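Student: Given the coordinates of chain A, assemble chain B onto it according to the supplied hints.
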Amino acid sequence: MTVISDRVPAGSAPAQGKKPRSQHLGLIRYLVIRFLLIIPTMFILISMVFFLMRITGDPISAALGGRLPPEQLADRIHAAGYDRPVLIQYFDYLGNILRGDFGTTLSDNRPVTEILAQYGTATLELVIYALIVAFIIGVPFGMIAAYKRDRLSDAFLRLFAILCYATPVFFAGLLLKLIFSVWLGWFPVSGRTDYLAELSGLRNPTGLYLLDALRAGNMTIALDVLKHAVLPAIALGLLIGGVFLRLVRTNLIGTLGSDFVEAGRSRGVSEYRLVTKHAYKPALIPIVTVMGLQIALTLGGAILTETTFGWKGLGFMLAEYLTARDFVAVQGIVMLIAVIVALTNFLVDVIAALIDPRVRY
Amino acid sequence: MDTTTSTSAQKSARQPRWTRLPIISHLRKSVGLQRTMLVIGLILSGALVLTAIFAPLIAPYGYAQASADGTSFGAQMAPNAAHIWGTTVGGYDVFSRVIWGAQTATLVIILGVLMSVFAGVILGLVSGYLGGWVDRLLVVIADAIYAFPALLLAIVMSIVISGGQSNLFGGIMAAAISITVVFIPQYFRVARAETIRLKAEPFVESAKVIGTSNLRIISRHVFPNATRTMPLIFTLNAAESILTLAGLGFLGFGIEPSSAAEWGYDLNKALADATSGIWWTGLFPGLAIVLTVLGLTLVGESMNDLNDPRLRGRRRAGRKKRGGPNVPASAYVNGTGLEVTK
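Chains A and B are the protein sequences, given in the same order. Each residue of the first sequence is one higher than the one before, counting from 37 in the numbering used here. Each residue of the second sequence is one higher than the one before, counting from 709 in the numbering used here.
Derived DSSO-like pairs (lysine-lysine); straight-line CA-CA distance at most 30 angstroms:
| hint | chain 1 | residue 1 | chain 2 | residue 2 |
| --- | --- | --- | --- | --- |
| 1 | B | Lys977 | A | Lys348 |
| 2 | A | Lys348 | A | Lys263 |
| 3 | A | Lys317 | A | Lys184 |
| 4 | B | Lys977 | A | Lys263 |
Sample of chain A residues at the chain B side, in silico, Cβ under 10 angstroms:
| hint | residue |
| --- | --- |
| 5 | Leu81 |
| 6 | Met84 |
| 7 | Met89 |
| 8 | Ala332 |
| 9 | Gly336 |
| 10 | Leu354 |
| 11 | Leu358 |
| 12 | Ala378 |
It is worth saying that the hints were derived from the structure and are not from the lab. These numbers come from a predicted model, not from an experiment. Beta carbons are placed, not taken as given, at the ideal position from N, Cα and C, and that holds for glycine.
Bound conformation, chain A alone (with noise of 0.2 angstroms):
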């Protein structure tokens, strides 16, 4: 907090004299105040990473090692400026990531760039695949075992919760494997399509293929990449729909005991209303907050289902780069999913505080 305390003095100077002027001011010096604290929080991950990562040793040898004679090996570590201080390469590497380069990977000389902004769109698409999922199955089971809750049904549901939970995205996806594509045969083993050459001729590819294959009005590959996209939605679907459910049913709990809702059904409002409406909607703010707070767990569930899937997205890549022992660009991969996390709270604690104004501080 101090450290942001100093850089807006018109909202925290009045506070102490005279009252704040307006609401808007609070939720706005709020906002700023929460998005600078991204900055710290960004800047010891990044340090972080850095300083484990090279405390190894350089990611030459790492990659290359025992592969090439010492000498050109040596030759390439001082080519990279990997034999220079750690410090100088660490401010080297804040400046380039300031400036927007995240390194080069050695196994295929390619911009880390390059490959975030590749593969980043398969990982948002089976992300909101996924959210898909377990919003289906999160919220209206969550309202059930609410509802009954103590009861067998909400018993079922809750250990159903915990199997999400405890279930490895991968074995879950390796059972789904067996039974629907192996056995049943109803649905492709692995990959996001089949049609990949038609998909990738497209002009200005969104790289969502479910978009670009509806914008070119083409719907046997829409269908196929929904095809492809059903198993790993559900593996990873259900691992965060657990969460979901739990995570509603537990505030649904709280609000359903209030004065409100008893009030409510003391006018005769249904049950049904009662629990989607009544006690759901001041439950929605917990909801929301820990949702969001669940990307984390999403974007590491990405990872192995993608690995699992032959789903080439960002986590495929990392664990394809892990194999390489590329560092950098496993460095570069866990930086932006870094970034992406903080960002995503900070949009998390926004939405929290316009929604609910007792948040702001």
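Tutor: Okay, now just chain B, sitting in the frame of chain A:
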């Protein structure tokens, strides 16, 4: 918060000491479904520990054994009399590897959680007690780590520690330390928050007045009171550490198959098998992970609900209500609200 302290203090006057131990006290105050969940969780967790201890007796073969009496097992054999769960693509016995895997899992849980409790609690106590810029810095760092995907952090840590490949001890330590780093912020937060609360309590102030050293206040007065919620986080983290270990193994950053059995690694290898319809190599290690995490989570969840008066299930009418007179009335209204209307 204060109410729970005082009620447990009142209880301690009437009840023998062992009933106040975390899990036993939870078991005693649970009823109905909650008790069932807690008991199932305890059984599953107990089964894991027993399997880990007696793995050498249960497993028919070693974890890296691909042949017996000079004949090799053969790769990807379907379950049969000699190999009840079949063999893997590497020619290992699936059943034996699943059993030995329990040992690896237990070791990683114990090492990882113990180290993070140790580091996190100490940092939290000191940071909360001393305050100042150290405190602020640690909080920002802890928050930054906390917001980061655990799996990625574990990957980075395992690169740092072992370069990604390792023997039994190195591999287990790498996994455990990776998990430690992920969990430190959680213990840190809890310990710090409790310390800040306790710092204002009269007994800490009176200790200060009589000239007790900071170290003694922290270790004798604050620490025993700041660790109330630890068993809960401990259990949930144990579950998460299994998932993280399996995730690391699945991405190929776990423990080499020749140095220990690890479920995540086996699942990674089983992925290709699944495409050709071989189910036994993946199903059993996967189920082992699910049951382990399920058991630990059930214990943790039940403890969480039992600690929270609003979520705690209650005995039906006719039984005496637990808890002292200090429990806020709203807790009861909220807790019983549904039962009244139903």
